[in-house]
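Student: Listed below are the residues making up each chain.
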Amino acid sequence: MQTDASPPRPGMNRREAIRRIALLMGGAMVGSEILLSGQTIPGKTAAGFTEDDRALLDEIGDTIIPETDIPGAKAVHIGAFITMMVADCYNDKQHAVFMEGLQKIDAASRAMNGKTFMECAPAERTALANALEAEQRAQYAKKAKDDPVHYFRMMKELTVLGYFSSEIGCTKAVRYVEVPGAYHGDVPYTKGERAWF
Amino acid sequence: MTEQTYDAIVVGSGISGGWAAKELTESGMKVLLLERGENIEHITGYVNALKAPWEIPHRGRLTNQIREEHMAATRDSFMHESNANYWTNELECPYVEKRPFDWFRGYHVGGRSLMWGRQSYRWNRFDYEANAKEGVGVDWPIRYEDMAPWYDHVESFAGISGSLEGMEQLPDGKFLPPMELNVAEKSVAARIKAHYADSRRLIIGRVANLTEPHNGRVNCQYRNKCDLGCPFGAYFSTQSSTLPAAVKTGNLTLRPFSIVTRVLYDKDLKKATGVEVLDAETKATQEYKSKIVFLCASTLNSAWVLMNSATDVWPDGLGSSSGELGHNVMDHHFRVGASGDIDGFVDRYIYGRRANGFYIPRFRNLFGDKRSYNRGFGYQGSADRRGWDREIAELSIGAAMKDALTEPGPWRIGMTAFGEVLPNHDNRISLDKNTRDKWGLPVLSIDCDIGDNEKKMRLDMMNDAAEMLEAAGVKNVTPYDSGYVLGQGIHEMGTARMGKDPKSSVLNKHNQVWDAKNVFVSDGSCMASTSCVNPSLTYMAMTARAAAFAVDALKRGDV
Chain A
1 MQTDASPPRP GMNRREAIRR IALLMGGAMV GSEILLSGQT IPGKTAAGFT EDDRALLDEI
61 GDTIIPETDI PGAKAVHIGA FITMMVADCY NDKQHAVFME GLQKIDAASR AMNGKTFMEC
121 APAERTALAN ALEAEQRAQY AKKAKDDPVH YFRMMKELTV LGYFSSEIGC TKAVRYVEVP
181 GAYHGDVPYT KGERAWF
Chain B
1 MTEQTYDAIV VGSGISGGWA AKELTESGMK VLLLERGENI EHITGYVNAL KAPWEIPHRG
61 RLTNQIREEH MAATRDSFMH ESNANYWTNE LECPYVEKRP FDWFRGYHVG GRSLMWGRQS
121 YRWNRFDYEA NAKEGVGVDW PIRYEDMAPW YDHVESFAGI SGSLEGMEQL PDGKFLPPME
181 LNVAEKSVAA RIKAHYADSR RLIIGRVANL TEPHNGRVNC QYRNKCDLGC PFGAYFSTQS
241 STLPAAVKTG NLTLRPFSIV TRVLYDKDLK KATGVEVLDA ETKATQEYKS KIVFLCASTL
301 NSAWVLMNSA TDVWPDGLGS SSGELGHNVM DHHFRVGASG DIDGFVDRYI YGRRANGFYI
361 PRFRNLFGDK RSYNRGFGYQ GSADRRGWDR EIAELSIGAA MKDALTEPGP WRIGMTAFGE
421 VLPNHDNRIS LDKNTRDKWG LPVLSIDCDI GDNEKKMRLD MMNDAAEMLE AAGVKNVTPY
481 DSGYVLGQGI HEMGTARMGK DPKSSVLNKH NQVWDAKNVF VSDGSCMAST SCVNPSLTYM
541 AMTARAAAFA VDALKRGDV
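Line by line, the protein sequences are chains A and B.
Taking the working numbering, I'd label the letters of the first sequence as residues 1 to 197.
Taking the working numbering, I'd label the letters of the second sequence as residues 1 to 559.
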């Protein structure tokens, strides 16, 4: 049987695209089987954080990006992602602001709703998050260049990054094609169609 | 001939070294290609090239560990999590910054040809004449006419896509079909063309990505992951292009992990006899002999090898008799331009990830225009609809924000200028014998800065960008100058410049070291000025030209 070694087509799924690349390369793709296994990084709590921190960040993330007709941030293990990013990528100053923020958020929740963030109902969480977002925007607008950003800005930024670059984000919230195969600089767009990752 | 004797030794396997190896082996010479770093195999060595975004743990962001190992390289945005392994570990290979200098290195087979930006432009005739006309630096010993056939030669093999424009300041070449400007870029291009009566033009970038199959290589698949290595071989790199050609001749020996510590020099013959190599893994030292040596180790490192060689004859190194070796370090200065919003086109979008942008060729100090500074600049940029990482002023958190971010945002355009840097004797590198690398070798001390000419030019680079975008109807135009230190352009040039006179230059017009005519230097070190266009295509052409000369000279018994 003739093996189809034509270049990958636009819109082709990733698995098929990688197979095509392997064939185009004369089967030289050592490791393509690993790539095809479709592994995702399991959600683990990073060093320096507790399971409670991770659970809290899952809920904060899900308040920022809730489940709609497509899954929300909790479904992509956003708490684990955020703890990993803070542990591995933040500098000492940013790290301190973030860890302090984890404490402050419950204090803010008690002040507004009379209970911890985890104890709040979704509507109460949203109200608090909106207040914190307003607070961080006000701070961001007047902060000096080298000052760290507000902890809620960190949480939101990492939630948006972790969500949209996750498998669910790339394939359900927006669109991602591994091998586009072509570039078209003027295609019709109808409102409601998903953006490209 | 023992197995350690070759016709030619090529030091470095990046863009220039790959070309030297290809041209020399194809002429029948037995070539030893030495690379200081590890081998990265074509396709199978590109470990992250086929990973989906979600398979990259930190989604491309730099970790603290990467920052620690790459202190200078992380000051700019060329490296990211997925290709950090391609950039040199600065803890193992430090350098000394007398004044701030960002040095981006790739120590592995292929060098920076794996991570390069691939923009490929010919120099124009004014570029080769400017030093002489202005009395700056030394006159180039060659002119555009000397280089034109070699540009043809390297473009035809490498595969450069681009549009024919007929612009004297940006000579056309042997191009594959151009990539496409998108709908928003086309509208800006049309308005710039009209506003400036065609004296300024926005064109699609000329890029070393194939737009159709070429020399057995697959065309670009528009993944825009070039800097991870391309499994299709769709852009020019040593691995995809010159190395396979050299291997095919049966005349090539590639030796990775081979740090060339010096060129062996015979003072009676006044010629090199080979090189000394320090094995990066075993730390053993070995000599390899050859009739000619090509130094293509990158601008700063080729000078390092020369400065570390023949010090018993010349204390400052082989090729130092003019006093110019290691001097005149240049780069392209950039990180200055403008950006803004483009209204409309909300019913238009793009498909595919184009690994290229637009280019606005130089228009300053040409065709009667005269500024308060010398030379000029070009712009690189692109327009696209904004993505999920945009901030939406009226939406903070929750389902409404999430839904909005799943759709493309408004169109935005941005561009940065790349400006010419003048040669300046005071911009120099030297050996710092008090600081040693992992192998105990002296490191480079770098002492450079931009001068008044560049500073004056930067004002135009910013204001002209803003003016053109305004003229094109772009809204909320924001000019910017993010600051610049030499090296950030990753276009280092000039440490062993060519010239007409051995008293003021290191190399002659055939890239031969005046003090040792069988040593050729054809990477960025040889440049006597920088033009404002990206330099790699010129290194390719220069290397092919020098290799052809070397082969002929060897046949004549003239080296």
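Calculated directly from the structure, the hints in this document are not laboratory data.
Be a bit skeptical, because a hint or two may be false.
Straight line, CA to CA, 30 Å or less: simulated BS3-like cross-link-like pairs of lysine-lysine [to be verified]:
1) B:K267 - A:K142
2) A:K142 - A:K44
3) B:K475 - A:K74
Residues from chain B that face chain A, not an exhaustive set, calculated with beta carbons under 10 Å [as the list claims (entries may be wrong)]:
4) M179
5) D347
6) T416
Note that beta-carbon positions come from the ideal geometry of N, C-alpha and C, so glycine has one too.
Student: Quick check on the hint: B:D347 CB to chain A CB, less than 10 Å?
Tutor: holds, 5 Å
Student: Take the C-alpha atoms of A:K142 and A:K44, compute the straight-line distance between them, and say whether it is at most 30 Å.
Tutor: violated, 36 Å
Student: Given the proposed pairing of B:K475 with A:K74, does the C-alpha separation stay at or below 30 Å?
Tutor: violated, 38 Å
Student: Is it true that the CA of B:K267 sits at most 30 Å from the CA of A:K142?
Tutor: Violated: B:K267 and A:K142 sit about 67 Å apart, past 30 Å.
Student: Less than 10 Å between beta-carbons is the criterion; does B:M179 satisfy it with respect to chain A?
Tutor: OK, holds: B:M179 within 10 Å of chain A, min 6 Å.
Student: Hold the hint about B:T416 up to the distance rule: shortest CB distance to chain A must be less than 10 Å.
Tutor: Violated, because the Cβ-Cβ distance from B:T416 to chain A comes to roughly 20 Å (cut-off 10 Å).
Violated hints, listed in ascending order, are 1, 2, 3 and 6; each of the other numbered hints is respected by the structure.
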